[in-house]
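Asks: From first to last, the protein sequence lines stand for chains A and B.
The opening position of the first sequence corresponds to residue 1 in my numbering, with each subsequent residue numbered one higher.
The opening position of the second sequence corresponds to residue 1 in my numbering, with each subsequent residue numbered one higher.
Calculated from the structure, these hints are not laboratory results.
Bear in mind that the values here come from a model prediction, so they are computed numbers and not experimental data.
The beta carbon of each residue, even a glycine, is placed where N, CA and C say it ideally should be.
Be careful, since some hints might not be right.
[Stated by the list, open to error] To be clear about the criterion: a stretch of chain A counts as covered by chain B if any three or more of its residues have a C-beta under 8 Å from a C-beta of chain B, and this derived list gives those stretches:
(1) 114–126
(2) 216–223
(3) 235–248
(4) 255–269
[Said to hold, decoys possible] Label pairs and their computed distance ranges (CB to CB):
(5) A:76 - B:174: 49 to 59 Å
(6) B:87 - A:10: 29 to 39 Å
(7) B:164 - A:136: 19 to 29 Å
(8) A:85 - B:278: 17 to 27 Å
Number of protein chains: 2
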Amino acid sequence: MSTSTPHPFDKAIALQHSDLRAGHFTGTTSPDYWNMVGPFGGTTAAVALQAVLQHPDLLGTPIALTVNYAAALEAGAFDVQATAVRTNRSTQHWTVQITQPGASGAPNMTTTATVVTAARRETWGRSDLAMPEVPKPEAVEPIRIGPAGVAWVQQYEMRPFSGGIPAQWDGSLQHSETRIWVRDAQARPLDLPSLAAMSDVFYPRIWLRRARHVPAGTVSITTYFHADAAQLAEVGTGFLLGQATGQQFFNGFFDQTAQLWSEAGVLLATSNQIVYYKE
Amino acid sequence: MSTSTPHPFDKAIALQHSDLRAGHFTGTTSPDYWNMVGPFGGTTAAVALQAVLQHPDLLGTPIALTVNYAAALEAGAFDVQATAVRTNRSTQHWTVQITQPGASGAPNMTTTATVVTAARRETWGRSDLAMPEVPKPEAVEPIRIGPAGVAWVQQYEMRPFSGGIPAQWDGSLQHSETRIWVRDAQARPLDLPSLAAMSDVFYPRIWLRRARHVPAGTVSITTYFHADAAQLAEVGTGFLLGQATGQQFFNGFFDQTAQLWSEAGVLLATSNQIVYYKE
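Just need the whole structure built from these sequences, with the hints factored in.
Replies: What follows is the structure, given as structure tokens:
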């Protein structure tokens, strides 16, 4: 029996089940990962993934996760429904929905997701996206986050060395690329749910691109996983190199591409999201 | 009354409905866009989008489309169910499923998709992904496709000028980037379904990366649209510049990122997919 306190991330994505095979789970939003008007989208993505990972019918490991943020979750309990809609010999397709009880009693759809899992086999492999040459994590200062900041940011140790949050919101235009070293603030060995969450730690590219603090929020994120248990174990509680860049900013939405490498240079995850922004 | 023959693409994505508001549609696979063991994935993506576009409850225009290829469609009739699971003030979230009658009578799930639509407003805009300097389409020879090729390829006029299909399957390693000019072989004004389809015209990056013709197939694709009616009209029947690059090739799956610009240099769509490959 362990008497140690669970990690805040494990608390945030903890799910209970009434009927495991039916894929119905319940959870509770975490104040530790609260964002401005709802939970950090990274934890919501991790919750969707976690439901699939806990399902007894799971085949293989996740390779693709798409999460659509239909509405901000309210603080409190939520329901997760994970359904294996198709199981092939080596791949499996899941749909996931996160709902909360609505005012009228009808469920309130907050999140839809799809997950593809697969039984991977060892094959030839290579990368066409080499880790850029960057300073070591120890050579970069962590950002200091005051108590006025949103809660979830405090759960990560972030060491940005280019493209940090603009010091002045002066409307100057610049390229939207950010590079940071990142890991859980409280040590926790990397797994796929935390990799899914860390794919969403980058602040909105529009803030950097325009040096303007406009309202912005992720509408949909897709993350591809390129890691199995060995790659994750090699990282352990170490840093990931994160890179995020805006691509096209057009009439209220921009897309943002992101990569996460291990310190050893292995590309563990590639992620893309489309983000709402206000003029 | 028009007596002209419909364009093959319009035939391929044509949907009938029994109950429009219920979002239930039927269609038929097109021999014109047949791939090796099923329809070209681009048309399947376009069908999912088309169901949303034809739904009377549609809010705004598509900004994000994720399509998961759970199983190859068999030649013949299919059912499409498009459901608006959440409608907000300016965004709307859809789930789409494409099924075919199964051997036992139970529906056979072939495709799941999610679509986000939005009422766009004019805002500040800019690109951080400029069109590369490339030769004009007129300066590039179209590839000649013999009758032995798969059908769908013949529906596109493709003018690759770098990263073409290897002339020899000699196992030599090279970078996985391809650049082509592409448009419908039979002239058709660009719209969002054809933009969705053209996001998937690139042959598997693994063939180029390894100069090996291994089995490969898209498992999931996500496309973000950065164009509205004005951008699409400006393209008309003109060429798009397509660029596709592999990122991480690992244990049976690689991801492939793609961009489509208008000839005038507007980034119209960005797309990512994860692709199965066999050693």
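Asks: Please go over all the hints and tell whether each is borne out by the structure.
Replies: Taking the hints in turn, this is what the structure says about them:
1. 114–126: holds (count 10)
2. 216–223: holds (count 3)
3. 235–248: holds (count 4)
4. 255–269: Three-residue rule met by the segment 255–269 of chain A, so holds; n is 4.
5. A:76 - B:174: 49 to 59 Å: 54 Å, holds
6. B:87 - A:10: 29 to 39 Å: 34 Å, holds
7. B:164 - A:136: 19 to 29 Å: 40 Å, violated
8. A:85 - B:278: 17 to 27 Å: For residue 278 (chain B) against residue 85 (chain A), whose Cβ atoms are near 24 Å apart, the range 17 to 27 Å holds.
Comparing the model with each numbered hint stated earlier shows that hint 7 is the single one that does not hold.
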